Amino acid sequence: MLRRALTFYTRYFAIWVVLCGLVAFLWEDTPEHPNWFRVIGTYSLAEIVPESIRSSLSPTAAGNLSACLSVNTLFFALTMFGIGVALKPDDFERILKTPSVVALGSAAQFLVMPLGAYALSRLFRLPPALAVGLVLTGAAPGAMASNTMSYVAGADAAYSVSLTTVSTLLCPILTPLLTKVLAGSQLPVSFWSMSLQIMVMVVLPLLAGFWIRSRFRGPIERVLPVFPAISATFIVFICSVVIARNQSRLPQVTGPVLAVVLILNLYGMAAGYGIGSLFGLDVLKRRALTIEIGMQNAGLGSALALEHLGEEAAIPAAIFVFVCIITASALASFWQRRLGH
Numbered sequence: 001m002l003r004r005a006l007t008f009y010t011r012y013f014a015i016w017v018v019l020c021g022l023v024a025f026l027w028e029d030t031p032e033h034p035n036w037f038r039v040i041g042t043y044s045l046a047e048i049v050p051e052s053i054r055s056s057l058s059p060t061a062a063g064n065l066s067a068c069l070s071v072n073t074l075f076f077a078l079t080m081f082g083i084g085v086a087l088k089p090d091d092f093e094r095i096l097k098t099p100s101v102v103a104l105g106s107a108a109q110f111l112v113m114p115l116g117a118y119a120l121s122r123l124f125r126l127p128p129a130l131a132v133g134l135v136l137t138g139a140a141p142g143a144m145a146s147n148t149m150s151y152v153a154g155a156d157a158a159y160s161v162s163l164t165t166v167s168t169l170l171c172p173i174l175t176p177l178l179t180k181v182l183a184g185s186q187l188p189v190s191f192w193s194m195s196l197q198i199m200v201m202v203v204l205p206l207l208a209g210f211w212i213r214s215r216f217r218g219p220i221e222r223v224l225p226v227f228p229a230i231s232a233t234f235i236v237f238i239c240s241v242v243i244a245r246n247q248s249r250l251p252q253v254t255g256p257v258l259a260v261v262l263i264l265n266l267y268g269m270a271a272g273y274g275i276g277s278l279f280g281l282d283v284l285k286r287r288a289l290t291i292e293i294g295m296q297n298a299g300l301g302s303a304l305a306l307e308h309l310g311e312e313a314a315i316p317a318a319i320f321v322f323v324c325i326i327t328a329s330a331l332a333s334f335w336q337r338r339l340g341h
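For the sequence shown, position 174 matches number 174 in our numbering, and the numbering has no gaps at all.
Keep in mind the hints are simulated off the structure, nothing from the lab.
Owing to the predicted nature of the structure, the values given are computational and were not obtained by experimental measurement.
Wrong hints could be hidden among the right ones.
Said to hold, decoys possible - Here are the simulated DMTMM-like pairs of lysine to aspartate or glutamate, each with C-alpha atoms no more than 25 Å apart in a straight line: (1) 88 to 221; (2) 180 to 311; (3) 97 to 282.
Produce the entire structure from the sequences given, and follow the hints as far as they go.
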């Protein structure tokens, strides 16, 4: 019963994003009744570090400490820990067995979406904060939810897992680098600060989760269904924080940003299928690549934008979470029902 409830909760992830987002948007923030999404989302555990230590740090070091210990960072780290627990040694072995195919997909991931985001930001003349936020979203690694969508679509789910794992391990370098190169002229982008935060909240928790499962396999297997639900919950929370912190801006920007994000998402999917066809991948791998490139880890983009680029820059990523889940679910259902496995 619990397993079915957790599966239902995770499968309809987009619904919870919308519902909690509406609550965050409609919850009026007053001194008497504060919006707790905003309150919690702006807190950092760095505040409990003794003042004598904080005052001895340089401004850059103090900023890095605050970002790495923020609630958003810690929640996302727990998300990645849960995903790491779901990984198996076989997932890494497959990467070594088919390096060229995985390299092709990973290269496409970090070329198609960042360049597409940059082109769309210029074409639609987005304000600097939204433009940089869109590029950051495009430069994020593949979303872990793409693995589930690939399975539903009858795609090569193992290939999807390999692509997501590689792009996640590469993102501490490539995500801040691509964001800085493509959008650094519009807003200051600190490569090292962003890279450090990605290591803290993505790579280290992912590897820790993988080690925990390897070390305590029996107990972990029994509670494994809980981790995807926990990860989904924290992503929902981070998106709600973005909405709560942008209540006054959203009415003016939601329409244009939604249109741009939808175009970026559909473009990524089309490019993924086209690249797979061009390089002769079989149909199951083409399906996986389509979903993988179209679905970005926009939760990561939201968390990074909040800490490094400002509240407005997090809007594209938060909207992308919802959009990519809807389009990927629709495509996966189509392939499952119309094209078969």
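Results of checking the hints against the structure:
1. Annotation: proposed proximity of residue 88 to residue 221 holds, straight-line Cα distance about 11 Å (limit 25 Å).
2. Simply put, residue 180 and residue 311 have alpha-carbon atoms about 18 Å apart, close enough for the 25 Å limit, and the pair holds.
3. Annotation: proposed proximity of residue 97 to residue 282 holds, straight-line Cα distance about 17 Å (limit 25 Å).
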